[in-house]
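**Student:** Below, each chain spelled out in residue letters.
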Amino acid sequence: MKKKMSFQSFIIAGIRNKPGRNLATAFCFAFIAANIFSGQYLIAGAVGSVNQGVSRMGADFIVAPIEYTVLLRGSGPENTFAIVKTLPTVWRMNNNRMDTIGNVQGVIGISPQLYVATINASELSSLPVDIFGFDPETDFTIQPWLRQPLKNPLSQGEVIVGHQITGDILSKVQVSNRSYTIAGRLDPTQSAADTTIFMGLDDAYSLAQTEGVVPLSAPRISRGDINAVLVRIQPGEDPDPIGARIRRSFPPSQVTVIGRHFTLDPISQDIQGLPGLLKIISLVIVVATFPLIALIAAMVTHERQREIGLIRSMGAKRNVIFSLVIVESLFLAAIGGIAGVAASLIAFLLLNTTGILNSALQVSFRQPAVADTGYMAGIALFVVIAIGGIASLVPAYTSSRMNPYDAIRGEDR
Amino acid sequence: MINVDGLTKTFRMDNYEISAVDDVQLNVQPGEFILIFGRSGCGKSTLLGMLAGLIRPTKGVVRVHGVDIAHLSDDDVSGLRAKEIGFVFQFSGLLSTLTVLENVLLPTLFCTYSPSSGLRALELLEKVGVLDRADAYPHTLSSGEMKRVAIARALINGPALLIADEPTGDLDVDTEFEIMELFRQLNHEGTTIVMVTHNPDLVPYGTQSYYMERGKIVGKPKTSSCENLDLKSVSHLTTRDLT
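For the record, the sequence lines run as chains A and B. If you're matching positions, the first sequence starts at 501 in this note's numbering and goes up one per residue. If you're matching positions, the second sequence starts at 15 in this note's numbering and goes up one per residue.
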């Protein structure tokens with residue numbers, strides 16, 4: 501037997517008193533929360549999808565030894581595909597050139613790559629497999645293609661494999677009697693990266709020292725050697741002057757700077773219009789439902805005026821009445837908000853799993869990260885709770901100022 | 015305990031004023047059982063409302079323990095009401111989603127918390143004869159049981175004064191008798207009671223009885239003793255006998 505009364509149980513009792521009415525109120529809050537959350541989620545998913553696309557476009561420039569241009573003859577000097585990795589060549593340079601490139605105005609990211617060898621290993625792929633070294637910390641071209649983000653930063657003995665390399669995550673691959681753990685797998689790139697194993701530069705240098713890995717005809721690989729530096733420039737900057745500045749930073753005939761000739765700006769502009777539209781829709785719904793919630797709150801307090809009069813006759817002060825009405829509204833808002841967000845999330849997960857979302861949006865929907873989802877849910881909850889609080893301010897004030905005796909006798913008159 | 019002097023309440027209706035209570039004088043001593051009766055609309059409920067600080071008088075003073083509650087702030091009156099005054103209405107006013115025990119404990123929310131409240135609530139339920147219904151919900155109770163619970167609720171904070179506004183108005187004769195016996199028992203145990211009713215048959219229960227008409231106390235019969243009173247035996251008393 502419960503021998504203590506609390507405001508909490510009193511509020512819950514008040515809500516239980518009219519379950520249908522309170523369910524309808526909570527539904528209104530759920531509708532608002534679902535709308536706000538869905539809008540944000542759709543925007544984040546669509547923007548995330550575009551951002552992923554942009555990040556997968558790889559580098560803006562590749563800076564390699566001048567001999568590299570020989571490989572490009574016949575297909576033209578400009579790279580029209582995403583620059584994910586450099587070509588497998590034996591022309592190398594020292595990584596001390598990276599500082600020079602990094603200091604060029606307009607350059608915001610640089611990352612080195614080293615081609616080690618190409619091996620034939622039927623257990624890994626039916627095609628020859630390229631072995632590449634890269635710097636996981638500065639890399640911005642390979643890891644955006646990961647099917648699933650790495651749980652931890654790539655460490656020694658771990659590799660990222662291309663789409664066509666056999667082996668599960670956390671399984672071992674053997675390269676020249678050395679064993680590596682597969683930490684990540686790339687999505688299909690429709691390029692040679694699909695049959696490439698990427699490892700950290702330290703592992704790459706160690707592997708290069710192993711007898712028989714680098715062909716005897718090729719120059720030896722020393723620590724500090726790299727094949728190319730991949731360069732990212734400030735978004736929106738004109739790439740041509742930056743490329744020219746990089747070239748001018750080195751003596752003639754020392755490096756080649758190869759760029760790509762396409763951008764994602766039109767797509768980015770299209771997607772930028774979406775958040776504004778969804779925000780307007782959310783605002784319209786909030787504005788439209790606000791009076792409804794305020795009206796419900798006013799009806800509830802009118803309906804409960806005898807109860808309010810009664811508890812005033814028991815000694816409840818005005819601020820207690822005010823707080824009770826507000827807290828009850830906040831409670832319903834919180835319950836409705838959580839239900840709305842949860843229902844939206846479940847719906848999105850189902851639609852995304854079944855592929856309906858992608859076909860409906862006509863764009864690949866990238867599910868936002870858990871932290872981002874939590875943030876969006878928090879925003880939606882905050883908004884509905886704020887609406888619940890503001891909408892009940894006037895009814896709460898009116899109730900608290902009600903003459904208790906009139907309130908008690910109100911239903912008799 | 016309660017001293018009422020020149021108490022007046024007027025209500026403005028369109029272009030004229032109605033005096034619901036007109037220059038009432040009243041003194042209530044500790045341990046008294048005051049009965050105020052009169053016809054509907056004579057102003058007795060308004061008078062009770064002013065005694066409890068639920069209605070602000072137009073004129074006059076209501077002193078409770080020497081404090082003029084008519085001039086206290088709303089919060090101060092509420093605080094005094096929580097501690098000193100228990101109210102029983104004609105309707106039970108029990109909250110349907112709270113159990114009997116929770117209903118009785120409800121006023122403790124508005125008073126200083128006491129760990130013994132739960133025990134006191136059970137004692138009160140035993141005193142009013144519904145302890146076995148402590149976990150029941152109001153809709154399962156009879157009218158008499160509801161009224162008993164309402165009385166227990168009015169007493170939970172240990173008020174010095176119990177005010178009852180036609181508490182037996184909606185009850186049958188037998189239940190009315192039971193409830194009045196309960197009031198008499200509480201009064202004998204020291205609870206000061208002020209009750210209004212339109213039923214003159216209840217006069218013998220009061221230590222003081224007053225008759226109200228058109229907002230004024232117009233009659234004051236002699237003190238009656240209600241020891242060994244059979245309610246049905248006093249049914250011959252009429253309003254005329256008391257004026």
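Keep in mind that the hints were calculated from the coordinates and are not lab data. It should be emphasised that the depicted structure is a prediction, and the values quoted were computed from it without experimental measurement. Any given hint could turn out to be false.
Selected chain A positions facing chain B (in silico; Cβ < 8 Å) [as the list claims (entries may be wrong)]:
#1 Lys504
#2 Phe510
#3 Arg516
#4 Asn517
#5 Gly520
#6 Ala524
#7 Ala621
#8 Glu623
#9 Ser813
#10 Met814
#11 Lys817
#12 Arg818
#13 Val820
#14 Phe822
#15 Met902
#16 Pro904
Calculated cross-link-like contacts (lysine-lysine; reagent style DSS-like; alpha-carbon spacing at most 25 Å) [what the hints assert, rightly or not]:
#17 Lys504/A - Lys73/B
#18 Lys651/A - Lys672/A
#19 Lys504/A - Lys141/B
#20 Lys779/A - Lys504/A
#21 Lys97/B - Lys817/A
#22 Lys73/B - Lys817/A
We put the beta carbon where it would ideally sit given N, CA and C, even for glycine.
**Student:** Sort out which numbered hints this structure fails and list those numbers smallest first.
**Tutor:** 5, 6, 7, 8, 14, 15, 17, 20
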